[in-house]
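Novice: These are the residues of each chain, in order.
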Amino acid sequence: MNFRVCVKRMSERFATWLEERVGLRAVADFLKNKKVPQNKHTIWSYTGSIILLFFLIQVATGIILAFYYRPTLEEANKSVARIMTEVPLGWVIRSIHSWSATFMIAAVFVHLLSIWVIKSYRKPRELTWMSGVLLLLFTLAFGFTGYLLPWDELSLAATKVGTDIPRSIPVVGVWVTKFLRGGEDISGDTLSRFFSFHVTILPLLLLALVGVHVYLIQKLGMSLPVGADEKEEMRRAIPFWPNFVYREMVVWLILFGALVTLAVFLPPSLGKSADLMAPAPEGIKPEWYFLFLFQTLKIFPARILFTTGDTVAILLILVGGILFFFLPLIDNRPAERKGKVITWIAFAFILYAVAMSIWSLLG
Amino acid sequence: MKVRESIFTRRRFLNGLLGGWLGALLASLLYPVMRAIFPPEREPDQVLLSGEDYGDIPPNTVKPFAWGNKPGLLKKAETGDLIAFVGVCTHLDCNVTYLPEQRKFFCACHEGWYDENGTNIGGPPPRPLRRLRVTIEGENLVIRKEETA
Amino acid sequence: MKRRVRKQPAIVALIVVLMVQGEILLGRDFFEPTIGKAQAGQEQEQSKAQAQAEPEKIVAGPKDIKEKTAVYFFVGWLWAAIGVLIYVLRLKIKEVDRLYALKFFTPDRK
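Chains as they are written, first to last, in our numbering: chain A, 1209 to 1571; chain B, 5 to 153; chain C, 191 to 300.
Hints were generated in silico from the structure; no laboratory data involved. The beta carbon of each residue, even a glycine, is placed where N, CA and C say it ideally should be. One or more hints might be untrue.
Unchecked claim - Straight line, CA to CA, 27 Å or less: simulated DSS-like cross-link-like pairs of lysine-lysine:
#	chain 1	residue 1	chain 2	residue 2
1	C	258	A	1480
2	C	247	A	1248
3	A	1248	A	1368
4	C	293	A	1427
5	C	284	A	1480
6	A	1546	A	1243
7	A	1368	A	1243
8	C	293	A	1480
9	C	253	A	1240
10	B	80	B	67
11	B	67	B	108
12	B	149	B	80
13	C	293	A	1243
14	A	1493	A	1480
15	C	284	A	1243
16	B	67	B	6
17	A	1216	A	1248
18	A	1216	C	258
19	A	1286	C	253
Unchecked claim - What follows is a list of derived Cβ distance ranges for each label pair:
#	chain 1	residue 1	chain 2	residue 2	range
20	A	1413	B	30	25 to 35 Å
21	B	30	A	1274	54 to 64 Å
22	C	292	A	1549	26 to 36 Å
23	B	65	A	1413	56 to 66 Å
24	C	292	B	19	10 to 20 Å
25	B	13	C	258	37 to 47 Å
26	B	41	A	1232	28 to 38 Å
27	A	1280	B	146	51 to 61 Å
28	B	30	A	1516	33 to 43 Å
29	A	1413	B	146	52 to 62 Å
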C-alpha cells in the first residue's frame, strides 16, 4: 500500500514537472472528453486505427529488415536470402512485413470505401478526404517500391511494367518514367531510388500527411450519418478513452493474431536473382492491389483513334482519380439524387475492381 | 485469517490481469526481435590454409589470412615454427602489423607494441595477442582455436 | 466476498509465475529448438546439403519437425493469450461502460 502511494505521488510530481515545461495537458484533456457516436456507422470507425496498427508493424519489421538488406544490384537478392536463412527468425520478420503490407492496403481500401459510402467527406471534412486520398497513393507507392527490393525475376518484371505505364501519359509521361527508374531503363540506380523512396521519402511524407489527417479528425470530431439528430447522438456517444480504445484493442488483437498465423504458415518465398538481360518470365502479374488496374489496361485495344489504347486507358484512370480526389466538392448534396448516384458508383466500383481482379487472376 | 478490508479491489485485479497479459504478449514478441537484431556472432571452428601458399613463407615473416570476420596472422619464426595470431589489438580492436626489422607487432592506433611472440610489451594494450593453434594435416595448414586449459 | 479477497493475491501470483515459466520454456523451445539425439544429426546433414545446392527458389519456414512443433506451440500460445486478453478486455469494457453510465467520472453538479 505504501509502495503504491509512493509510486503514485512520484508520477504525479513527474507529470507536473513535465506539464510546466511541455504543456500537453490540453491534449490529454481533449482526449479525455472526446466522444465516439454509437450508431450504424460506428463499426467503420475502427478502420482508421487498424491502418495505424499495421503501419507500425511495418515500421518495426521494416527497420529490422533494413539492418540486413543491401540495396545493390549484386547483393539485394542475396541479402534477402540471408535474412531468410541465416538471420535468426528472419523469415518470420520478412513474412510479417509482407503480410502486414497486404493487411494494411486492404484496411486502407475498406476505410476509403466506407467513408465514400457513408459520406463522411461532407463539409467540413473535405480536406480530411483529400489528405486521405493522398495517403492512399502513398500507401500504394509503399507497396510498389517495396515489391522491387528482393530483386527477383517476378519483382523485376512487375517493376518494368509498372514504371513503363506512366510513359503513356502525354507530355509528362516520359519524365515520370525517367524519374521513377533513374534513367531510361531499369538499372541498379532504380533499385537505389526505390529503396530511398521506400525507406526515407515515403515514410516522411506519410507521417506528415497522417499528422494532418489525424489533426483534422480531432478538430472536426466524428461525423454523423446524413440527417442524424445531433443531440440524441451526443447523448448515446461513448468516451473515446478508455471505452472506445478498449473495444479497438479487441479488434487489434484478433487482427494481429490472424497476421502472425498467416505469416508463420504461409511465408513468402524468394525467386533467384533477377537478370536484367533475360527475357520476361511467363505469368507475371502485379500484387493483388494493382490487379484491377492491370486488367483494365489489358482490355484496351492497342490503338484507339489516333493514339494508343494505353494512353486512353491511363487518361481515363487519371481523370477518374482526379474526380475521386475532388469528390467532396462534387457531392455537395448527399441526401439528394446526386448523392445517391454517387453511393451507387461506390458499389459499382467495388464490383468492377473485384471482377477485374478475379479475371486477372484467371487469365 | 479474515481481513476487514479488501487488499485487492476487483478493479485492480482486472487491471493487473490486463496489464500482465499484455506485458507477457509484448515480451514474447520482443524476444524474436532481439534475436534478429543481435544475431549470433560465431567464429569459425577452423580455417584451412593451402600448404603451397602458406607453408613456404620465409622465416620472420607474417602472412595474413581470414579468421571469420577478423584478420589472422600466420608467422614463421626464425626456427621455422609456425605460429598464428588473431591480428587484432587487445586495446581497442585496431588491426596490427608486423615489423620484421624490429621483430615486433605494432598497432598504429595508439602505438601499442607486441614482441615476436605476441606478448604486449609497450603502449596501452592490456593483454597479449590472441593465439591460434596451427597443425599441418596433409597438404593443408589447419588453424584452430587455442585449447583452453 | 471477504474470502474471495484472500485468494486473489495468490491467484495473481500463480498466474505471474505460470506466465514467466511459460515464456521461458516456450521462448527457448521455439527460438532455439532443443537438439534431440540422432534425429538432430540427420537433420543437420540434410540442411547442409540443401544449402550447398544453388536453389531455384528459397522457401521460407521451419525446417524440421522440432521447429514445426515449436511453431505450432507458439501460434497456439499466441491465440490462447489473445483469448485471455479479449476476455479481460470485455470485462473492462463492461466496467467502464457501467461507470460512465453512473457518471462516476463527471464532477457532481450542485
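Novice: Straight-line Cα separation of residue 1286 of chain A and residue 253 of chain C no greater than 27 Å?
Specialist: Judged against 27 Å, a Cα distance of about 20 Å means the pair holds.
Novice: With the threshold set at 27 Å, check whether the alpha-carbon distance from residue 67 of chain B to residue 6 of chain B stays at or below it.
Specialist: Given that 27 Å is the threshold and the Cα spacing comes to 80 Å, the pair is violated.
Novice: Given the hinted pair residue 258 of chain C and residue 1480 of chain A, is their Cα-Cα distance within 27 Å?
Specialist: 25 Å, holds
Novice: Do residue 292 of chain C and residue 1549 of chain A keep their Cβ atoms within the hinted range of 26 to 36 Å?
Specialist: 47 Å, violated
Novice: Would you say the C-beta atoms of residue 41 of chain B and residue 1232 of chain A sit inside 28 to 38 Å of each other?
Specialist: 31 Å, holds
Novice: Between residue 293 of chain C and residue 1427 of chain A, is the straight-line Cα distance small enough, at 27 Å or below?
Specialist: Holds: residue 293 of chain C and residue 1427 of chain A sit about 25 Å apart, inside 27 Å.
Novice: Quick one, are residue 247 of chain C and residue 1248 of chain A close enough, alpha carbons at most 27 Å?
Specialist: This hinted pair is violated, its Cα atoms lying about 48 Å apart.
Novice: Could you grab the alpha-carbon distance between residue 80 of chain B and residue 67 of chain B and see if it respects the 27 Å cut-off?
Specialist: 9 Å, holds
Novice: For a C-alpha distance cap of 27 Å, please report whether residue 1368 of chain A and residue 1243 of chain A respect it.
Specialist: 48 Å, violated
Novice: Tell me if the straight-line CA distance from residue 1216 of chain A to residue 258 of chain C falls inside 27 Å.
Specialist: 46 Å, violated
Novice: Between the alpha carbons of residue 1216 of chain A and residue 1248 of chain A, is the straight-line distance 27 Å or under?
Specialist: 40 Å, violated
Novice: Starting from residue 284 of chain C, check that the Cα of residue 1243 of chain A is at most 27 Å away, please.
Specialist: Given pair residue 284 of chain C, residue 1243 of chain A holds - Cα atoms ~17 Å apart, limit 27 Å.
In this structure, the earlier hints numbered 2, 3, 5, 6, 7, 8, 9, 16, 17, 18, 21, 22, 27 and 28 are contradicted, and the remaining ones agree with it.
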